[in-house]
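Student: Here are the chains, one letter per residue:
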Amino acid sequence: AQSVAQPEDQVNVAEGNPLTVKCTYSVSGNPYLFWYVQYPNRGLQFLLKYITGDNLVKGSYGFEAEFNKSQTSFHLKKPSALVSDSALYFCAVRPNYGQNFVFGPGTRLSVLP
Amino acid sequence: DGGITQSPKYLFRKEGQNVTLSCEQNLNHDAMYWYRQDPGQGLRLIYYSQIVNDFQKGDIAEGYSVSREKKESFPLTVTSAQKNPTAFYLCASSVQGTGFEQYFGPGTRLTVT
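Chains as they are written, first to last, in the working numbering: chain L, 1 to 113; chain E, 114 to 226.
No lab work stands behind these hints: they were computed from the structure.
Note that the coordinates shown come from a computational prediction; the quantities given were computed from them, not determined experimentally.
Some clues are possibly wrong.
Using 30 Å as the maximum straight-line C-alpha spacing, the simulated DSS-like pairs for lysine-lysine come out as follows [to be verified]: (1) E:196 x L:49; (2) L:49 x E:122; (3) L:49 x E:184; (4) E:183 x E:170; (5) L:49 x L:77; (6) E:170 x E:184.
Footprint (simulated), chain E over chain L, 3 or more residues, beta carbon under 8 Å [stated by the list, open to error]: (7) 17-29; (8) 44-50.
Derived, one-sided and incomplete: chain E residues facing chain L with beta-carbon distance under 10 Å [unchecked claim]: (9) 119; (10) 121; (11) 150; (12) 158; (13) 174; (14) 207.
Just so you know, even glycine gets a beta-carbon here, dropped at the ideal spot from N, CA and C.
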């Protein structure tokens, strides 16, 4: 079965420090990988995606993610966290043969001033 | 939240009543989706539609119904058969094809008492 794991429910970082939000997946084939962010009582906003090519993907608001095929991971990173980055982050996988996304349970990021 | 609108933002209903949630998009996307979001469970797919007049059940379709009479519109009806309808409902759309991200609406929070 296809699945996405985000092993940390909550990540706390100090403003200005680097942040990492972890994602691992279990999907057969070569999936497409996505990160979304959700602010309270809002819809999800697309941050970045990996389709093919360079394993380091750059996205919106200074975020980037590193695809690691051998570890089936797609961790989200940012070199210097901002308080305004505090939100709920979702990793999603889309199998390359199908249409439906599989979402992880989400990780709540808190950036402390 | 892109070019997707959902209305209303908050909806209150009595148990036993059907209720319809609106989703409209002006992105010219063929594919549209409905998700349910509960705390700690990520997003679960209710229904999706890849083309007008066609739709498929997702993972948790029981107690829900949809229609896709126009490309721009994908309303969701929560019927009285849905055992636990109180949740945050998100509509999304995307370009056809597996490499494309979804765009989400702002969501509708439904409370049934």
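Student: If a hint holds in the structure, say so; if it does not, say that too.
Tutor: Tested hints:
1. E:196 x L:49: violated (35 Å)
2. L:49 x E:122: This hinted pair holds, its Cα atoms lying about 28 Å apart.
3. L:49 x E:184: holds (26 Å)
4. E:183 x E:170: holds (18 Å)
5. L:49 x L:77: Judged against 30 Å, a Cα distance of about 13 Å means the pair holds.
6. E:170 x E:184: holds (18 Å)
7. 17-29: violated (count 0)
8. 44-50: holds (count 4)
9. 119: Holds. Min distance 8 Å.
10. 121: violated (13 Å)
11. 150: For residue 150 of chain E, the interface hint holds, since the closest Cβ of chain L sits about 9 Å away, which is under 10 Å.
12. 158: Given a least distance of 6 Å, the restraint on residue 158 of chain E holds.
13. 174: Since chain L brings no Cβ nearer than about 13 Å to residue 174 of chain E, farther than 10 Å, the hint is violated.
14. 207: Cβ of residue 207 of chain E sits 9 Å from chain L, so the hint holds.
When the structure is compared with the earlier hints, violations turn up for hints 1, 7, 10, 13 and for no others.
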